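S.K.: Chains S and G are the protein sequences, given in the same order. Take the first sequence: its letter number 43 is residue 43 in our numbering, and every next letter is one higher. Take the second sequence: its letter number 3 is residue 3 in our numbering, and every next letter is one higher.
I should point out that these hints are in silico values taken from the structure, not numbers from a laboratory. Remember, it's a predicted structure, so these values are computed and weren't measured experimentally. It is possible that some hints are incorrect.
[What the hints assert, rightly or not] Here are the computed lysine to aspartate or glutamate pairs in the EDC-like style, where the Cα-Cα straight-line distance is at most 16 Å:
id : chain 1 : residue 1 : chain 2 : residue 2
1  : S       : Lys-17    : S       : Asp-63
2  : G       : Lys-90    : S       : Asp-63
3  : S       : Lys-96    : S       : Asp-24
4  : G       : Lys-90    : S       : Asp-56
5  : G       : Lys-68    : G       : Glu-17
6  : S       : Lys-11    : S       : Glu-85
[To be verified] Some chain S residues judged to face chain G by a derived CB distance under 7 Å, without partners named:
id : residue
7  : Gly-42
8  : Leu-43
9  : Phe-45
10 : Pro-104
11 : Leu-105
12 : Phe-107
13 : Asn-109
14 : Gly-110
All C-beta atoms, glycine included, are put in the ideal place defined by N, C-alpha and C.
One letter stands for each residue in the lines below.
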Amino acid sequence: GAGVSQSPSNKVTEKGKDVELRCDPISGHTALYWYRQSLGQGLEFLIYFQGNSAPDKSGLPSDRFSAERTGGSVSTLTIQRTQQEDSAVYLCASSKPSGVYNSPLHFGNGTRLTVT
Amino acid sequence: KNEVEQSPQNLTAQEGEFITINCSYSVGISALHWLQQHPGGGIVSLFMLSSGKKKHGRLIATINIQEKHSSLHITASHPRDSAVYICAVKTSGSRLTFGEGTQLTVNP
Chain S
1 GAGVSQSPSN KVTEKGKDVE LRCDPISGHT ALYWYRQSLG QGLEFLIYFQ
51 GNSAPDKSGL PSDRFSAERT GGSVSTLTIQ RTQQEDSAVY LCASSKPSGV
101 YNSPLHFGNG TRLTVT
Chain G
1 KNEVEQSPQN LTAQEGEFIT INCSYSVGIS ALHWLQQHPG GGIVSLFMLS
51 SGKKKHGRLI ATINIQEKHS SLHITASHPR DSAVYICAVK TSGSRLTFGE
101 GTQLTVNP
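Isolated chain S (complex conformation) (with noise of 0.2 Å):
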């Protein structure tokens, strides 16, 4: 496609259920980002892959997130037993192989989750 699709777009779950959100990156794109907005916050990094390399699972927030991308391509983020407080927007982004040259990122539109 010619820009980072999520889904779903909009993802109401009941506490204690677990939920999965998916990005597809642009094609080519090898770092993927995953970020969420809650209500009225900044942007807060959670978790970030580069081509075959470990990925820097640092923002992350607690051991219920997860996210894995299959292929180098499409990937998952996995919340389990939701809880209250992961209501946010979850969004996606993409860019060329980082390195010696720092590349544009490309935004999803985002899965806006609630959790009630």
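Once you have looked at the hints, place chain G on chain S.
M.R.: Just chain G, lined up with the frame of chain S:
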């Protein structure tokens, strides 16, 4: 103190005015991004800077590495420029650290 500070938090301008949004950071960086978040939530990357100045249409971004400061300027502002403008710095490794954003409203 946040590692990335933006000012002002809120800015209201009349159409046609020249606008400046400032970003100061306290850490060593490899790059700085300016992002625009529209009312619907979509985020667009405007600029990525590691030195000097970049211009795109009515938007200009500058960075002073020694002073750890960047500015985003909008010339001949228009109501469609109304959005939240976010400064983000790339520090060690992959992490991006974000400012809190500046809410810009341009009135006709």
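S.K.: Identify whether the interface hint at Asn-109(S) stands, where standing means a beta carbon of chain G within less than 7 Å of its own.
M.R.: Interface hint status for Asn-109(S): holds (5 Å vs cutoff 7 Å).
S.K.: With chain G as the partner, please determine if Leu-105(S) meets the hint condition of a C-beta pair closer than 7 Å.
M.R.: 5 Å, holds
S.K.: Keeping to a limit of 16 Å between CA atoms, is the pair of Lys-11(S) and Glu-85(S) held or broken?
M.R.: OK: Lys-11(S) and Glu-85(S) at ~14 Å, within 16 Å.
S.K.: Against chain G, run the beta carbon of Leu-43(S) and see if the smallest gap drops under 7 Å.
M.R.: 4 Å, holds
S.K.: For the pair we were handed, Lys-90(G) and Asp-63(S), check the Cα-Cα distance against 16 Å.
M.R.: 25 Å, violated
S.K.: Can you confirm whether the C-alpha distance between Lys-90(G) and Asp-56(S) stays at or below 16 Å?
M.R.: 14 Å, holds
S.K.: Would the hint on Phe-45(S) be counted as holding, given a Cβ-Cβ threshold of 7 Å to chain G?
M.R.: Interface hint status for Phe-45(S): holds (6 Å vs cutoff 7 Å).
S.K.: Assess, step by step, whether the Cα of Lys-96(S) is no farther than 16 Å from the Cα of Asp-24(S), and give holds or violated.
M.R.: Satisfied, since the Cα-Cα distance of roughly 14 Å is no more than 16 Å.
S.K.: Quickly compare the C-alpha distance for Lys-17(S) and Asp-63(S) to 16 Å and report which way the hint goes.
M.R.: 15 Å, holds
S.K.: Minimum Cβ distance from Gly-110(S) to chain G below 7 Å?
M.R.: 6 Å, holds
S.K.: Against chain G, is Phe-107(S) within 7 Å by beta-carbon distance?
M.R.: 4 Å, holds
S.K.: Straight-line Cα separation of Lys-68(G) and Glu-17(G) no greater than 16 Å?
M.R.: 26 Å, violated
The structure fails hints 2, 5 (numbered hints given earlier, in ascending order).
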